[in-house]
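Asks: Sequence:
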Amino acid sequence: IEVKTLVYCGICGKELQSDSAFCGNCGSAQSTPIPPAIKEMDRVGFREAISMGIRNYFVFEGRSTRSEYWWWVLFLILAYIPATIAGNFVPVPLGLAFLLFTSIPSISLTTRRLHDIGKSGWWLLWFGLIIGVPWILFGVLIVIYLFLEGWGKPIDEWVFILPLCISIIASIIGSIWWIVWMCRKSDPGPNKYESFA
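First residue of the sequence shown? That's 14 in our numbering, and the numbers climb one at a time after it.
Hints in this document: simulated from the structure, not taken from any laboratory.
Even glycine gets a Cβ: it sits at the ideal position worked out from N, Cα and C.
Some clues are possibly wrong.
Claimed, not checked - Each pair of labels, with its calculated beta carbon distance range:
#, residue 1, residue 2, range
1, I189, A110, 30 to 36 Å
2, I182, R60, 27 to 33 Å
3, K205, Y70, 22 to 28 Å
4, W191, E170, 27 to 33 Å
5, W191, G37, 37 to 43 Å
6, N204, I98, 21 to 27 Å
Modelling step: build the complete structure from the supplied sequences, incorporating the hints.
Replies: See the structure below:
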């Protein structure tokens, strides 16, 4: 039995025959094709990432590469700004509608991206709590302060400043931690969260 070794183009990532001198897809010369365990699986472009994000709307299993994740993030930023501006000229809040439409595929893609680096999708909830809970508590303290101020009982400013500082620090630390994770390379080969989606 002959075992076929799979190799991939170093430029476009398409599968090649092991003895190929040129890629049949992009035409680049292949001096040393990349074995599948080393390369990041199937890098995607901007349009393909958007298509995959919509096509896998409710898919929370499997894995997604970092290129797929970051192209999707760029799409969200680029599409949200004009949708919000256009929403000022029509009676429908287009920015909010866009956020609602893309929230589920964003969550599912982020879950698959966490799987790709060997982490559980539940980390998305934990990051939300790390960043969100201090801000919620800060908001509650402001409401309490305004309520008590209305009764004529002044409260020291440190009641605001300490929770505000904690909220800002938690947001900065959580955001840096999140970006580092989302920039990590894919786990080489299959991991416990299946192969690539």
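Asks: For each hint, tell me whether it holds in the structure or not.
Replies: Hint-by-hint comparison with the structure:
The beta-carbon spacing between I189 and A110, approximately 31 Å, falls within the hinted interval of 30 to 36 Å. I182 and R60 have their C-beta atoms about 39 Å apart, which leaves the hinted 27 to 33 Å range violated. Checked against the given bound of 22 to 28 Å, the beta carbons of K205 and Y70, roughly 24 Å apart, stay inside it. For the pair W191 and E170, the beta carbons lie near 31 Å from each other, so the given range of 27 to 33 Å is met.
Under the hint 37 to 43 Å, the C-beta atoms of W191 and G37, about 39 Å apart, fit the expected range. Checked against the hint of 21 to 27 Å, the C-beta distance between N204 and I98 comes to roughly 42 Å, which is inconsistent with it.
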